[in-house]
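K.L.:
Sequence:
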Amino acid sequence: FTLAVPVSDYVLRLSQSYAASSKQERAKKLEVEAELLQIEADARIAYLQWARAKGNVVIAEEAEKTAKAHLEDVR
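Under the numbering used here, the first residue of the sequence shown carries the number 23, and numbering increases by one thereafter.
What the hints contain is simulated information worked out from the structure, not anything from laboratory work. We treat Cβ as the ideally placed atom computed from N, Cα and C, and that holds for glycine. Check each hint, because a few of them may be wrong.
To be verified - Pairwise CB distance ranges (calculated):
(1) Asn-78 with Ala-41: 52 to 58 Å
(2) Leu-58 with Ser-30: 39 to 45 Å
(3) Leu-93 with Ala-63: 41 to 47 Å
(4) Ala-65 with Ala-41: 34 to 40 Å
Stated by the list, open to error - Computed cross-link-like contacts, EDC-like style, restricted to lysine to aspartate or glutamate with a CA-CA straight-line distance of at most 20 Å:
(5) Lys-51 with Glu-62
(6) Lys-76 with Glu-86
(7) Lys-45 with Glu-55
(8) Lys-50 with Asp-31
(9) Lys-45 with Glu-57
(10) Lys-76 with Glu-57
Turn these sequences into a full structure, and let the hints guide you.
P.N.:
Rendered as structure tokens:
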């Protein structure tokens with residue numbers, strides 16, 4: 023009993039496997055890059071929300087001072 027397998031089949035399979043591995047590697051790199059960009063965007067959003075909240079506190083404090091000044095004027 024003999025089995026004959028052409029060498030070209032192995033070469034073709036090997037080159038296809040290499041191409042697939044290369045594409046998987048590139049896909050993983052892009053996935054990591056996308057994740058880092060998402061983290062950066064989330065951090066910027068969090069910072070801007072914090073800054074807005076701090077600004078709202080300042081505005082509320084100024085409004086309180088103005089309201090107290092008006093109350094004193096009325097009295």
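K.L.:
Indicate, hint by hint, whether the structure satisfies it.
P.N.:
Here is what the structure says about each hint:
Checking the proposed 52 to 58 Å range against Asn-78 and Ala-41 shows it holds: the Cβ atoms sit about 55 Å from each other. Between Leu-58 and Ser-30 the beta carbon distance is about 42 Å. The supplied range of 39 to 45 Å therefore holds. In this structure, Leu-93 and Ala-63 meet the distance hint of 41 to 47 Å, their C-beta atoms being roughly 45 Å apart. Under the hint 34 to 40 Å, the C-beta atoms of Ala-65 and Ala-41, about 37 Å apart, fit the expected range.
Note on Lys-51 and Glu-62: the hinted pairing holds, with a Cα-Cα distance of about 17 Å set against a maximum of 20 Å. At most 20 Å may separate the alpha-carbon atoms for a hinted pair to count; Lys-76 and Glu-86 meet this at roughly 15 Å. Between Lys-45 and Glu-55 the CA atoms are separated by roughly 15 Å; this keeps the pair inside 20 Å, and the hint holds. Between Lys-50 and Asp-31, the direct Cα distance comes to roughly 28 Å. Violation of the 20 Å bound is thereby established for this hinted pair.
Using a Cα cut-off of 20 Å, the hinted pair Lys-45 and Glu-57 holds, with the two alpha carbons roughly 18 Å apart. For the proposed pair Lys-76 and Glu-57, the alpha carbon gap of about 29 Å is over 20 Å, so the pair is violated.
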